[in-house]
Amino acid sequence: MPDPIIRAFADTSFLIRLLNEGDSLHGQAKDYFQYILGHSGIIFCSTIAIAEYCVKGTIDELPS
Amino acid sequence: MEAVGTIEIRVQGFRGSEDISPQNYDIAELRDTLSRVEGLLFPFGTRNRPMVTYEMKEGSVRHIFRTSMQYALMLGAVLSKVQQTGSLDFLEINTAKAIEAFQEEATRKNLQWEISTSAVSDASLLISQDTHFARSENSLSQADFYFYGKITTMGGKNQGKIHIDTEEFGNLTITSSKQELENLEENYLYHILGIQASGLQNPQTGEIDRGSLVFKEFMNYSSNYNETYLNKLIAKARKSWSDVHDVDKWVSDIRGYSNA
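Residue numbers (the numbering used here), protein chains in the order written: chain A, 1 to 64; chain B, 65 to 324.
Looking at chain A on its own, in the form it has when it is part of the complex:
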């Protein structure tokens, strides 16, 4: 039986911490991101989280 696919949900705080290298938890966010993608996982994100991110950031800053 194949290993189950890792699936994670990225909320607004995670996206900001992942992309803001000055954040105190940036390293942890990056590690999670690397771990999930490195295990062929899928990261989901809601339109609300994207909208919140875009209050200050822009959509082309987000991973696609």
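The set of hints was computed from the structure by calculation and includes no laboratory data.
If a hint is listed, it holds; no wrong ones were tucked in.
To give an idea of the interface, some chain B residues facing chain A are shown, with a C-beta separation under 7 Å as derived from the structure: (1) Ile298; (2) Val315; (3) Ile318.
Within a straight-line C-alpha distance of at most 30 Å, the following computed DSSO-like cross-link-like pairs (lysine-lysine) qualify: (4) B:Lys300 <-> A:Lys30; (5) A:Lys56 <-> B:Lys303; (6) B:Lys280 <-> B:Lys221; (7) B:Lys313 <-> A:Lys56.
Every residue, glycine too, gets a C-beta built ideally from N, C-alpha and C.
On the provided structure of chain A, position chain B as indicated by the hints.
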């Protein structure tokens, strides 16, 4: 209590001047009945379903199915509810489709179907020319979906079909045009990908009509970690977030919690 439940589907009518019977029952009709029973019993798919055995008896034609008592009980509950309400709108799509198919054949061929189960003694559903079992037209809405999984087959002689094995929905078949598949620049077979598709969904139950899925596009989805790509995004985002030192407070503020 027995572990095996019996489901009986009795069909009555005429074949010319003769009563319908196993001697004049065509194999195409039998095939249709068998596929509808799978929809009735296993609306969520037949993967991991229990064994179902079959026997045909006289009178006019009695289809006898034996399977796990739990599934027979579930069908009994469905039959009771449909009998009480006369509605199919609350049902899973495959179950509703199966009952609609019985209704369509009853109307077209002047047949009478009676579906019952030994598991629930007073649950039986009569379908004839005089009944009108159908979903309301507004029970399904057009929607867009995003599916992620492994592409297992692509192609088809007359119509393009993409099969994707997803963890959430199992195997899905998505219809596409042959041209769309011809024009693909990459071979996606056995790749883990995202697919955007359109189709019908029951807004009350959230259930997707799996037969209605039409391909829109492959999602540019890569599960590989790319440090260079991420660093480019971080550099691009630097200006946006350099003055935010407390993310939790910033998120609370935009959600209006700090004024609560």
